[in-house]
Every structure is written in structure tokens, then in C-alpha cells.
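Listed here are the chains, written in short residue letters.
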Amino acid sequence: MLKDDPLPRVLIVDLARRRSWVEERPDLFAEGLGGAGVAIRLLEEECPPGADPLGAENPIILAVGPLVGLFPLASKTVAMFKSPHTGNLGESHAGGRSAVSIRLAGYGAIVIRGASPTPVYLVVDGGQVHFRDASALWDMRSSYTVGAVIRDREGGSGTRTIMRIGRAGERGVSYACVITETYRHFGRLGLGAVFGSKKLKALVVSGDRALPVADRRGYRAAYDAIFRAATASPLMQKYHQLGTAMNILPLNEIGALPTRNLQQGRFEGAEAISGEHLAENYLGRRLACAHCPVACIHLATLRTPYPNDPYFYKTTMLGYDHEPIYALGSMLGGSDVAGMFQLLDEAEVQGLDVMSTGVTLAWATEALQRGLISTAETDGLALAWGDYPAYVEALQRIVTQPNDFYRALARGVEHAAARYGGADFALACGGHEMAGYHTGPGGYLTYLTGARHSHLDSAGYSFDQKAAAQGETLTPESVAEALLQEERWRQVLASLVVCFFARGIYTAETVQQALAAAGCERSAGELARLGEETLRRKNAFKRREGFDPSALHIPRRILETPTPLGTLDEEFLRRAIAHFQAGASPARQTEPGEQ
Amino acid sequence: MAKRLSVLDADRCVGCQACMFACARRLGHGGLAGSCIGVRSAGGMRRGFTVVVCRACPDPPCVRVCPTDALTARPGGGVHLRHELCIGCGNCVQACPLRAVFWDRAQGKPLICVYCGACAACCPYEVIALEEV
Numbered sequence: 001m002l003k004d005d006p007l008p009r010v011l012i013v014d015l016a017r018r019r020s021w022v023e024e025r026p027d028l029f030a031e032g033l034g035g036a037g038v039a040i041r042l043l044e045e046e047c048p049p050g051a052d053p054l055g056a057e058n059p060i061i062l063a064v065g066p067l068v069g070l071f072p073l074a075s076k077t078v079a080m081f082k083s084p085h086t087g088n089l090g091e092s093h094a095g096g097r098s099a100v101s102i103r104l105a106g107y108g109a110i111v112i113r114g115a116s117p118t119p120v121y122l123v124v125d126g127g128q129v130h131f132r133d134a135s136a137l138w139d140m141r142s143s144y145t146v147g148a149v150i151r152d153r154e155g156g157s158g159t160r161t162i163m164r165i166g167r168a169g170e171r172g173v174s175y176a177c178v179i180t181e182t183y184r185h186f187g188r189l190g191l192g193a194v195f196g197s198k199k200l201k202a203l204v205v206s207g208d209r210a211l212p213v214a215d216r217r218g219y220r221a222a223y224d225a226i227f228r229a230a231t232a233s234p235l236m237q238k239y240h241q242l243g244t245a246m247n248i249l250p251l252n253e254i255g256a257l258p259t260r261n262l263q264q265g266r267f268e269g270a271e272a273i274s275g276e277h278l279a280e281n282y283l284g285r286r287l288a289c290a291h292c293p294v295a296c297i298h299l300a301t302l303r304t305p306y307p308n309d310p311y312f313y314k315t316t317m318l319g320y321d322h323e324p325i326y327a328l329g330s331m332l333g334g335s336d337v338a339g340m341f342q343l344l345d346e347a348e349v350q351g352l353d354v355m356s357t358g359v360t361l362a363w364a365t366e367a368l369q370r371g372l373i374s375t376a377e378t379d380g381l382a383l384a385w386g387d388y389p390a391y392v393e394a395l396q397r398i399v400t401q402p403n404d405f406y407r408a409l410a411r412g413v414e415h416a417a418a419r420y421g422g423a424d425f426a427l428a429c430g431g432h433e434m435a436g437y438h439t440g441p442g443g444y445l446t447y448l449t450g451a452r453h454s455h456l457d458s459a460g461y462s463f464d465q466k467a468a469a470q471g472e473t474l475t476p477e478s479v480a481e482a483l484l485q486e487e488r489w490r491q492v493l494a495s496l497v498v499c500f501f502a503r504g505i506y507t508a509e510t511v512q513q514a515l516a517a518a519g520c521e522r523s524a525g526e527l528a529r530l531g532e533e534t535l536r537r538k539n540a541f542k543r544r545e546g547f548d549p550s551a552l553h554i555p556r557r558i559l560e561t562p563t564p565l566g567t568l569d570e571e572f573l574r575r576a577i578a579h580f581q582a583g584a585s586p587a588r589q590t591e592p593g594e595q
Numbered sequence: 001m002a003k004r005l006s007v008l009d010a011d012r013c014v015g016c017q018a019c020m021f022a023c024a025r026r027l028g029h030g031g032l033a034g035s036c037i038g039v040r041s042a043g044g045m046r047r048g049f050t051v052v053v054c055r056a057c058p059d060p061p062c063v064r065v066c067p068t069d070a071l072t073a074r075p076g077g078g079v080h081l082r083h084e085l086c087i088g089c090g091n092c093v094q095a096c097p098l099r100a101v102f103w104d105r106a107q108g109k110p111l112i113c114v115y116c117g118a119c120a121a122c123c124p125y126e127v128i129a130l131e132e133v
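Keeping their order, the protein sequence lines are chains H and G.
Per the working numbering, residue 1 is the first one in the first sequence, and the count goes up by one each step.
Per the working numbering, residue 1 is the first one in the second sequence, and the count goes up by one each step.
With the rest of the complex left out, here is chain H:
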């Protein structure tokens, strides 16, 4: 690493004692590189075994990597913590300006320890940490307003990140998110609730320093090649034009779009919620994360008439992607776009993960239909597919938690089903609500075996679609092996904090060139070992905290609704899980010369 590179500086903030300091940790970044590789090591150091996820002992760790601020699309921050949602490894990634701001403020990682006795927000700027009173922001109805107030009060416009929570985080909803730059999220696994448990309303970081490079000519050459690829590649152009919502129609076509709590894989209203229809009728603006020329963030313009004021409209700009459209659209059987956007808006106002919210509401709708619960539990709400006013009300009650039923919903679908029944159609794997792909065994094996139980861990949904197109014959072992390889390589990308959308651009060779220019040279073998080791550590943390892959619950619904690769077989999935388990957590190999 270069002498003047601030990457090894870890900012430690102790909320209980209201103190902060910097620790130089070149060891950590030499071993883990950055992002996930560094965050898991810090989590091992900071999070005691058996920690209460909502207790003061649960740390918040944010880590960026060596390429941030130097190269395009190295734009993610990795958050690690113990998840209040699964009670196990919490890891969530977000873009916006978070990574560039942290890196250019002069840090490679931020660790937040302890809990504040009163609401605070933190401002990291000019080498200092300021503790600001947030009692006036606590319990504010809308997370948008929280952002607006802080934006107005603090400096650094243009080179700062403002991470904040809504009421859902304050009230401990286990899948509350952290919102950054209004339209990006540390969405999954409940980082928002961890913020809330620490009385931490927001974290502002700003910075615009210079970063050294090892070799100016090599830097420019590597930069230009990556930038050209990012702006010229047809896939990147598609991310720009339609965004991830481009997936709705193709998935529906092959029968892989989860519909009405996955009772079907095709949705008759898919056209209305497709990326094409939304772009033609609602697209109002595109945004990019800092230092990403792709600009995949799509904002819809929603015009809502005020009921008692003729010709007067509220205009809302809402970020949409494939996942929110699946979770709040097809999964809830809704094709009323305005209604779907109103529900999405409420999720943003409250600060909830939309995927977990949609899947939980879908389970509740089916449970009500099947008579497992009644309107006594829902407190009079007759949840029905596509009834958005009812869903908006239910979402608000998940946050306010007026009774036991909503308190259960506030802990996710697996928890609610354990209490009220309906585990067969509670669509979570490893305690984490599924993403919008019913593509085949690969997709579900990613949800089941991925370290975060997230579709992005090893992208089995993409593996399935390729396998279907090529007519491949899959065995449990071949799927598990392919996903394991993918998840290992993604640990490298997550340590560099390169956006997964750019995985086609950041090949092993490109990564090596970029790292050499940044003064962090790594061989192909070292990178492969980094990926393997990072995944091994994440899975070791999970085992330490009680995760047992052989005890994974596979909801029956997954096995009932046919996928494009046929009806899934539990035995196939179990064998693949066993194979994955053996590969992902190998016993330490004996070094040459060791006995």
C-alpha cells in the first residue's frame, strides 16, 4: 500500500462515551484488502459471541476498498453487524455517495461501538467527529424530512453521504433499512434497527481529499479502459436505459416472476409493472452513484391528486428497481402502478426493506385467505391481493405495532409463521425473505446457502437462466460447485467494493491492473485465496452464532410452483446444500512441511 494512502485508517466511534479515535490497521487491509474482507475481520474482533443484535455490544462496521475514489464503479460500502432479523451474520451493501465520501474523508473503515443514551447523529468531516443532538429528529414521520433537515444544516454538499433511518429503525422492526442519498439503501438484514437500538439517527460523512497512485501512466491506462467498458458495454447501457426493471418481462415470460406469494410464476399484470411501461409512463430522472457513469437508478414521477383540492397535485420522485416491483407488485398481486408506488413511498418514509416487507405482507394475505388468521389479528384490515390502500395501512402498523400480530410481522415472515402457522408458504430461506426470482434450483440454493441468504451472494438466478438457455443437465454437486465459485469471487469484488453489476468489467485481469495502479498489487492466486478466506470466515462466524445448514427450512411452496427448470425436488436441494457446506467451510488444510 502507498505511504500516503489513508485506507488503513479505521475510525472508531464510541457512542456511549461520545469519543472517537483513529487506529492504523495496515495489517487488516493487507490481509482483507477492504470491504467484506476487512469488515468480517473487524466483526470477529468487535462482536462478542452470542451478542444481542439490538444490544450495545453489537458493532456497526462500514468498510470501503482500495479502488474507491480511484476507479469508476468501485462505489459500494459494505456494512457488517449482527442481524436482528436472522440473529446471525448481517451484511448489507449500499452505493450512493457513501463509499467515495468515507474514502475521501480519509478512512478505510468506520466502527461504531456502544449505544447512545439519547438520540444523536454523527458528522464526520475534516478529520473530526461531531456528535449532534437528534432528539428533534427522533420519531419524525418521514425519513425524507430527516434527510432534508440534515442536508440543510450540515456542510459538504456534493461530497458527502447522509445515511439515515426512519421510524421503522427507531422501533426495532428487524428488517428496517438505512437510507443513503434518498434512493440507495443498506436494505437487507436490519441495519436500520441496529442504528435505532443505538439511538443513532444518521451518519454524515464528507470528504474530498486526494489519493496517491503508484504509477500515473498505468493509472490512466487502467482508468480509461474501465471507463470505456462501463460506458460502451451493451449490458451497462441496458442498466442505464431501463434499469434492473428490465427483468420483469423476461422473468414473467419464463414463469419465474413470483406472483401472489409464489402461488404462480407468471403474473397477468406484468406488462403494467414492466421496466418498459414504467420508463415510458413514469420515468422522470436517472441518477448515478458517485463515480459511476452507468446511472442505473431510475426515478418515477408520481402525481397524486389532493382529495379536497381541485387541480392540486403532490409530485413524488420514487426510486424503482426489479426487487421493489416484484415484492410490492407481482408478489402482492398488484398491477395498479400508482398504488404500488404509494406503498413503495410509504416503505421509504418509514425506512423498511421492501423485499422483506412485500414477502411478509404476501404471507399475511394468504394466511388471512386460508383462515390461519382473521381480521381480529389484522385489527380489521381485510388484506387482499392488489389492495394497496390496505397494504399501506398494514405497513404503517408493522412500524407502530399496535398488537401481537403486527409485532410478529415486524420480525419477518418466518417469525410470523412460527407463531400463526403457514410455514409452508412463508417465503424465506435462512430467515431471510426471498428475492424476485423463481428461476430454478440455483436461485433457491443461493437463498439457502449464501452467507447473507441474499440473491446477490452467488446469483443462482443467473446460473439457472443460463442453464435453461443452454439445456444443461444439472446435478446437486454441479450447481453447488458453480455457486460456491461464484460466491468466492464475489467476496473479492465485495472486498474491492466494486458494484456487482460491473462484474463483467472487473475481470481478474482488470482487477490486478487496477490494484497495481493503486499500489496494492495482488496476484491472481492471492485474489482467489482472498475470496475463499473471506467466505470461510463469514461462514465460520455464522456457525459460531448457531447457524446449521442441515436444519434449513425449505418452504413447501417453492417445491409446488413449477420453475422454468421444472418442479424442484427437496432431495436435490438438500444434497446440494450438503455439498456446498463441505466446500464452503473446509477444515484448515495442512501447510507443506506441517504435520
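Please keep in mind that the hints were generated in silico from the structure rather than gathered at the bench.
Note that beta-carbon positions come from the ideal geometry of N, C-alpha and C, so glycine has one too.
Be careful, since some hints might not be right.
What the hints assert, rightly or not - Here are the in silico distance ranges between beta carbons for each label pair: (1) H:G126 x G:D69: 24 to 34 Å; (2) H:P310 x G:D9: 26 to 36 Å; (3) G:R26 x H:P26: 27 to 37 Å; (4) H:P250 x G:S6: 39 to 49 Å; (5) G:P61 x H:A30: 49 to 59 Å.
Claimed, not checked - A few chain H residues that don't get close to chain G, going by computed Cβ distances all over 10 Å: (6) P49; (7) D133; (8) L283; (9) D336; (10) G339; (11) E481; (12) Q485.
Unchecked claim - To spell it out: a stretch of chain G is covered by chain H in this simulated footprint if at least three of its residues, at any positions, have a beta carbon under 8 Å from a beta carbon of chain H; those stretches are: (13) 10–16; (14) 23–29; (15) 33–41.
Given the coordinates of chain H, assemble chain G onto it according to the supplied hints.
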């Protein structure tokens, strides 16, 4: 002919800040220090972006307030900074109504656009362009 930057259509700006990084990169380093172009949200991302560039005024207000003649008017519009004459008073920053004179905190001196067009060359969405005056 002198050249200058022009903001063609700020509504097309996605806020990627590739221009700001390009401006800093011409100095041979990464990060954002030294950037003479500013892209920031126009009151939150939902409202889009403000793109601040030096528009190379024919009669630049920054020159008029420079007490040491470190800033001189460039033929055809715009300004030239002679670092050795600059005392870092910051008058020029105050004088520019566009806020297009940026500040180098490390050196305590202004950052003045040199109209090289590195930023425009990196803009993927035709927001800014280098034009002949």
C-alpha cells in the same frame, strides 16, 4: 481561439461526478482534491443537480477583486492564475456569483479552471462541453 466550458443541459446530469474525478485526475492523483468543477444536488437528489463550471466571463468579477494581479483576464474570456503572486485572500471566491472559484484547502489558494476540457471528455451524457468562445 479561446475555449470555455458550457453547461448544455443540467437536466441530463445523473450526478456521477465523472467530470469532477477527471478534473482531479489531470493533476496526476485520484480522489477529488483540486477539482475545479462542482456537481451537487439541487436540494436533494430528487430535484436533480447543479453543475458549476467557470463560464469564462468576458469581464471576470474575480479578476477585478484580486489585490495582487495574480488573476488576469484571458484574451477571449476567462482568467489565468499565477500562483506565485497569489496571497490566498479568497476575494475571488467571494466575487464569483456562480461559486465557480473553488478552494484548495491544502495550499490555501483558489482553484481556477484551465479550460482543458478533461471533464467534458468524461461526461457520458452530454451535460457539459468545451466550446470555442
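The hints, checked one at a time:
no.	hint	result
1	H:G126 x G:D69: 24 to 34 Å	holds (32 Å)
2	H:P310 x G:D9: 26 to 36 Å	holds (34 Å)
3	G:R26 x H:P26: 27 to 37 Å	holds (30 Å)
4	H:P250 x G:S6: 39 to 49 Å	holds (41 Å)
5	G:P61 x H:A30: 49 to 59 Å	holds (51 Å)
6	P49	holds (39 Å)
7	D133	holds (23 Å)
8	L283	holds (13 Å)
9	D336	holds (23 Å)
10	G339	holds (21 Å)
11	E481	holds (37 Å)
12	Q485	holds (31 Å)
13	10–16	holds (count 3)
14	23–29	holds (count 5)
15	33–41	holds (count 7)
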